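> These are the residues of each chain, in order.
2 protein chains.
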Amino acid sequence: MPAGTSMSGLRRELSDAIGDPDRVSEGDSIRVLHSADLSPNPPRLPDLVVFPTSIEEISAVLAIASEQRVPVTPFGAGTSTDGHIIPLEGGISLDLSGMDRILALRSEDHTATVEAGVLRESLNRAAGPQGLFFPVDPGADASLGGMAATNASGTTTVRYGAMRQQVLGLTVVLPSGEVVRTGGRAMKSSSGYELGGLFVGSEGTLGVIAELTLRLYAIPEHVIAAQAFFADLDSACEAARALVAVGASVNRVELLDGESMRAINNFKQLGLPESPCLFLEFAGSPAATEEDAALAREVVEEYGCSEFAVETDHTARVRLWQARHDITFAIAEAQKGGRLQATDVCVPISELPRAIRAARETADRLEIDVAIVGHVGDGNYHVVHLFDADDPEQARRAKVLKTEIFEEALACGGTCSGEHGIGIGKIDELAVEHGDLLPLMRGIKQVIDPNWIMNPGKVLLPDPPDHPR
Amino acid sequence: MPAGTSMSGLRRELSDAIGDPDRVSEGDSIRVLHSADLSPNPPRLPDLVVFPTSIEEISAVLAIASEQRVPVTPFGAGTSTDGHIIPLEGGISLDLSGMDRILALRSEDHTATVEAGVLRESLNRAAGPQGLFFPVDPGADASLGGMAATNASGTTTVRYGAMRQQVLGLTVVLPSGEVVRTGGRAMKSSSGYELGGLFVGSEGTLGVIAELTLRLYAIPEHVIAAQAFFADLDSACEAARALVAVGASVNRVELLDGESMRAINNFKQLGLPESPCLFLEFAGSPAATEEDAALAREVVEEYGCSEFAVETDHTARVRLWQARHDITFAIAEAQKGGRLQATDVCVPISELPRAIRAARETADRLEIDVAIVGHVGDGNYHVVHLFDADDPEQARRAKVLKTEIFEEALACGGTCSGEHGIGIGKIDELAVEHGDLLPLMRGIKQVIDPNWIMNPGKVLLPDPPDHPR
Chain A
1 MPAGTSMSGL RRELSDAIGD PDRVSEGDSI RVLHSADLSP NPPRLPDLVV FPTSIEEISA
61 VLAIASEQRV PVTPFGAGTS TDGHIIPLEG GISLDLSGMD RILALRSEDH TATVEAGVLR
121 ESLNRAAGPQ GLFFPVDPGA DASLGGMAAT NASGTTTVRY GAMRQQVLGL TVVLPSGEVV
181 RTGGRAMKSS SGYELGGLFV GSEGTLGVIA ELTLRLYAIP EHVIAAQAFF ADLDSACEAA
241 RALVAVGASV NRVELLDGES MRAINNFKQL GLPESPCLFL EFAGSPAATE EDAALAREVV
301 EEYGCSEFAV ETDHTARVRL WQARHDITFA IAEAQKGGRL QATDVCVPIS ELPRAIRAAR
361 ETADRLEIDV AIVGHVGDGN YHVVHLFDAD DPEQARRAKV LKTEIFEEAL ACGGTCSGEH
421 GIGIGKIDEL AVEHGDLLPL MRGIKQVIDP NWIMNPGKVL LPDPPDHPR
Chain B
1 MPAGTSMSGL RRELSDAIGD PDRVSEGDSI RVLHSADLSP NPPRLPDLVV FPTSIEEISA
61 VLAIASEQRV PVTPFGAGTS TDGHIIPLEG GISLDLSGMD RILALRSEDH TATVEAGVLR
121 ESLNRAAGPQ GLFFPVDPGA DASLGGMAAT NASGTTTVRY GAMRQQVLGL TVVLPSGEVV
181 RTGGRAMKSS SGYELGGLFV GSEGTLGVIA ELTLRLYAIP EHVIAAQAFF ADLDSACEAA
241 RALVAVGASV NRVELLDGES MRAINNFKQL GLPESPCLFL EFAGSPAATE EDAALAREVV
301 EEYGCSEFAV ETDHTARVRL WQARHDITFA IAEAQKGGRL QATDVCVPIS ELPRAIRAAR
361 ETADRLEIDV AIVGHVGDGN YHVVHLFDAD DPEQARRAKV LKTEIFEEAL ACGGTCSGEH
421 GIGIGKIDEL AVEHGDLLPL MRGIKQVIDP NWIMNPGKVL LPDPPDHPR
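Protein sequences appear in the order of chains A and B. No gaps in the numbering here: position 264 of the first sequence is 264 in our numbering, and each next residue is one more. No gaps in the numbering here: position 179 of the second sequence is 179 in our numbering, and each next residue is one more.
Worth double-checking, as some hints may not be accurate.
Computed list of chain B residues with no C-beta within reach of chain A, every gap over 12 Å [unchecked claim]:
id: 1; residue: Gln335
id: 2; residue: Glu351
id: 3; residue: Asp378
id: 4; residue: Glu433
Looking from chain A toward chain B, a few residues come up when the C-beta cut is under 8 Å (computed) [claimed, not checked]:
id: 5; residue: Gln130
id: 6; residue: Thr150
id: 7; residue: Ala411
Quick caveat, the hints were computed from the structure, so don't treat them as lab data. This structure is a prediction, so every number in the text was calculated from the model and none was measured. Glycine included, C-beta positions come from ideal geometry on N, C-alpha and C.
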């Protein structure tokens, strides 16, 4: 917060602007709930939490914040994994959970328009009866606005793409309070610079995504899930690489190493073999799905798959994927305490076995107990562990692990983030990966958010660092 | 060109920079070849045509152009349809056809890295023996750099997406001559602002796309093409809408009205029925493809399809799609002379029948003989006709037709351009469609091209119009 800001004055002004003092909170418990996410970054309290319920209210809040140079940190469902929702410089946490209306569901067009706070599972509950679903599936029941903000992806991205591929149109409130609309309802457009794709992945640093028009897809007629078990991690990675190389038609290709399998067994009492595994899914017409599963089975067996367990029962499939989604909590439970670090590199699929071998070796060398899981059909994997951030040696080793995994990924032609975004923790990595682009990114930030009030400390730092603010 | 520019001085400097005077041309015939495209916009000669063969040469040319404020218009294969390659203010036409190397073809990763001047059919010839293909298919054998510049799409976009969805990484030479790289070789990334998606569709106004890393796809095992004929245009549109609504798995859904069918019959002596038609394609495993075609047949028959002609023979299919691709030339041949106007709106699929009915009525009212064709699976259609631009009444009516079709599309939630881009002819439409975004677009242009040397007169005009240049 800028020195000299009158908190009571700001609070009154915001309450007047949105017409409801109960939705402008200074309460300690509410501020604590908006101070931390799932990442290892230390919490920081916002000064105020504001709960808008309309675009007009977001606009009024941002206009006041701009005028007074008060930092604003958008907050969706709080499921971000690299500190995105931590208000590093205090100010306003803008909680969009009250923006939870599904504004339109157009079954003929396979599109929906939603407010930013709508949770992905809520959209799926609404779309299901129309035979449609929204594919992006990061595990957590995140808000769709938050998912767009980090360009989230997940288990089905290998088939359907990430958030950026689903966003047809956005309503964005700019830091000035001005409201703009990108894209539209058509399936494609070449109408001027594609600013929608710029706001997607901008992590709340360029404005507030208030509404989204998203693609939906027909629910596949038939789905087969399969688990392919391997004697070692390397064989599982080689099999994943081969599946992609032969162009197998898959809906999901998820890797869980032995450690991950042990963690989900303990967490959910599943009794699965505790060896490296690919969770696979095939979807389409019955005949096509059977063909796809049979081809995949042939491929993975060439790479030493020792057991190929097929599951067509809906309930059993849901339980299996729920176990996959609970992996973070399962690992947290298995490792008992400390802060969670999850790397997020993504490499070309041909480099996956090499990159994961290197990650495994680094963890072993550093004597860190990690679990490795990933959306490996995309080349995206997470090395997950808990550590005691107050223990300097543990913190140092966690940092070395993260850095070496990133450097290996970069050497393979990969990226520091497949889906979590830069947040607080990858600002240095972004500078290594895309240093040549930073001046352009900063220039664009300066055009759209000239006072740098939006989500300060994430993605980009001002340059020079003593930028007026 | 700025007043006072010494042509001989500029030519010498450019020749020195790229080390080969033969690749800096003032010759009239070469300049004429770089003065016009397929659009109705009047030609304009560049002062010089430069033929770089490396990123370093592009960089040297742009640095000189920036220094001297000389306009630069990138030129790929010259197949743009809204004046993109016309050097409206003279200066340099930067012909990238010499940048025609396929730098890498990674069959395991399903990616290729190419220079910007590589033609899409050349990439397909190289990828084919590896069992891969590049799907974006605008008809013309365009350059991949040019296709990225307009976010081109085409007949297979309903299945595979447009250019933006295929671009994993770009090497871009900025107007200053600086070289930057966006994205990479991984299938997805959330690493900072997605500038690649901004350069895609920027129509040469933000820099020169020099290299691209693109996704490739496995060639489907089995392909079935079908032609579904209808008694009237409206039924064909309703059938297309229904195909998308039921989630039919299709590779291509192309509409050709009776006029288009007559034109391709005359052009290629095909002897097809001359009634409105959907050209369909299904691809995948043999069983799945048969199922998909059977489902589509059921759907279109519900909408009055009177004949469903299936074609599995490869040669016959190629001939059919070639006829579809030749449509522009076929119409030009049928209408004998004048300038070609092809609208490019795209609407939500549920609005397609309404929008095309309105377009047909407008053309009838204006007594313009049009052909209507489109990638209707995406809601994208072109109303095509030739007119005598020197006849004020014909020119007026052509303008009214274009404007009314755009207004109808906008009223339907659509866009002025599905795939051709803004170019010269849709600057006013962009202002109507995305007026709220123009200040941001101009701000971004100003950051990246502060002297407005890149492709002046396309997409954006400076504001205020007397911007120093």
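> Work down the list of hints and note, for each, if the structure agrees.
Results of checking the hints against the structure:
no., hint, in the structure
1, Gln335, "holds (26 Å)"
2, Glu351, "violated (8 Å)"
3, Asp378, "violated (5 Å)"
4, Glu433, "violated (6 Å)"
5, Gln130, "violated (10 Å)"
6, Thr150, "holds (6 Å)"
7, Ala411, "violated (12 Å)"
Hints 2, 3, 4, 5 and 7 from the list above are not met by this structure, while the remaining hints are.
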